[in-house]
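If you're matching them up, the sequences are chains A and B in order. When the first sequence is numbered by this note's numbering, its final residue is 116 and no position is left out of the sequence of numbers. When the second sequence is numbered by this note's numbering, its final residue is 1116 and no position is left out of the sequence of numbers.
Treat the hints as calculated values from the structure; they're not laboratory data. Cβ atoms here follow ideal geometry from the backbone N, Cα and C, with glycine treated the same way. Be careful, since some hints might not be right.
[Said to hold, decoys possible] Some chain A residues flagged as far from chain B (calculated, every beta-carbon gap over 10 Å):
id, residue
1, Thr27
2, Arg43
3, Gln44
4, Arg50
5, Gln57
6, Phe64
7, Ser65
8, Asp81
9, Asp86
10, Thr101
[Unchecked claim] Heads up, incomplete: computed chain A residues facing chain B, CB under 10 Å, no partners named:
id, residue
11, Tyr25
12, Asn30
13, Tyr33
14, Phe35
15, Pro41
16, Met45
17, Ser74
18, Leu84
19, Thr87
20, Phe91
21, Met95
22, Tyr102
23, Leu115
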Amino acid sequence: AQTVTQSQPEMSVQEAETVTLSCTYDTSENNYYLFWYKQPPSRQMILVIRQEAYKQQNATENRFSVNFQKAAKSFSLKISDSQLGDTAMYFCAFMKITSGTYKYIFGTGTRLKVLA
Amino acid sequence: NAGVMQNPRHLVRRRGQEARLRCSPMKGHSHVYWYRQLPEEGLKFMVYLQKENIIDESGMPKERFSAEFPKEGPSILRIQQVVRGDSAAYFCASSYATGGVSQPQHFGDGTRLSIL
């Protein structure tokens, strides 16, 4: 069974600084997808960034980028120029095809606080 | 273009009552996923449905829980004879087809179920 591990329950970063959230996963699959979702206090689940496992190039979305190391099964999220609005829970998620279904497997989350 | 709509936003039930959670997917989406989030935890997959069909219910408790997605109307997650341990946030997500990176799942705002 697949598992997703986020080893940092809480982190904080000064506004405008850079922070990296770690995520590791365990799978025997070769083809899968990885995601980072943000959950602010409003509880919405907001897609931050996504990566296909077959792509070697790391995904980037504005201030958000990932470091995808397939062999190490690592998928960290880097937030540059942190803003107060980045304060939220961040969940790493794994998705594979299982008999035609695409279901997410989430980590337990990292609570990020951006300090003014 | 309305997003995924879940109602109610909050639901309070006494032990032994029934809880019905509704989810209207985004327009054009025919695939619905239900996830449960216990306090301080990540989301856990429960069930995946297409119109009139349950595709994957591997995450659903065998008793008291059921889900449907009729041809007309919203998807319903039904919990019979609720117990305190059912208290959680229940999220619905929808996708256009079978998901994946090109067609990610879009989440609703969740229903917070509290059992007295």
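Consistency of the hints with the structure:
1. Thr27: It holds; Thr27 of chain A is separated from chain B by about 15 Å at its closest Cβ, greater than 10 Å.
2. Arg43: violated (5 Å)
3. Gln44: The claim breaks: Gln44 of chain A does not keep its Cβ more than 10 Å from every Cβ of chain B (closest is about 6 Å).
4. Arg50: violated (5 Å)
5. Gln57: holds (13 Å)
6. Phe64: Answer for Phe64 of chain A: holds, closest chain B Cβ roughly 15 Å.
7. Ser65: Holds, because the least Cβ-Cβ distance between Ser65 of chain A and chain B comes to about 16 Å, which exceeds 10 Å.
8. Asp81: holds (25 Å)
9. Asp86: holds (19 Å)
10. Thr101: Incorrect as stated: the minimum Cβ-Cβ distance to chain B is 4 Å, not above 10 Å.
11. Tyr25: Result: violated, 13 Å to nearest chain B Cβ.
12. Asn30: Violated - the Cβ of Asn30 of chain A stays beyond 10 Å from chain B, reaching only about 15 Å at its closest.
13. Tyr33: holds (5 Å)
14. Phe35: holds (7 Å)
15. Pro41: violated (12 Å)
16. Met45: holds (4 Å)
17. Ser74: violated (18 Å)
18. Leu84: violated (22 Å)
19. Thr87: violated (17 Å)
20. Phe91: Hint on Phe91 of chain A: holds, closest Cβ of chain B at ~5 Å, below 10 Å.
21. Met95: holds (7 Å)
22. Tyr102: holds (3 Å)
23. Leu115: violated (22 Å)
Violated hints, listed in ascending order, are 2, 3, 4, 10, 11, 12, 15, 17, 18, 19, 23; each of the other numbered hints is respected by the structure.
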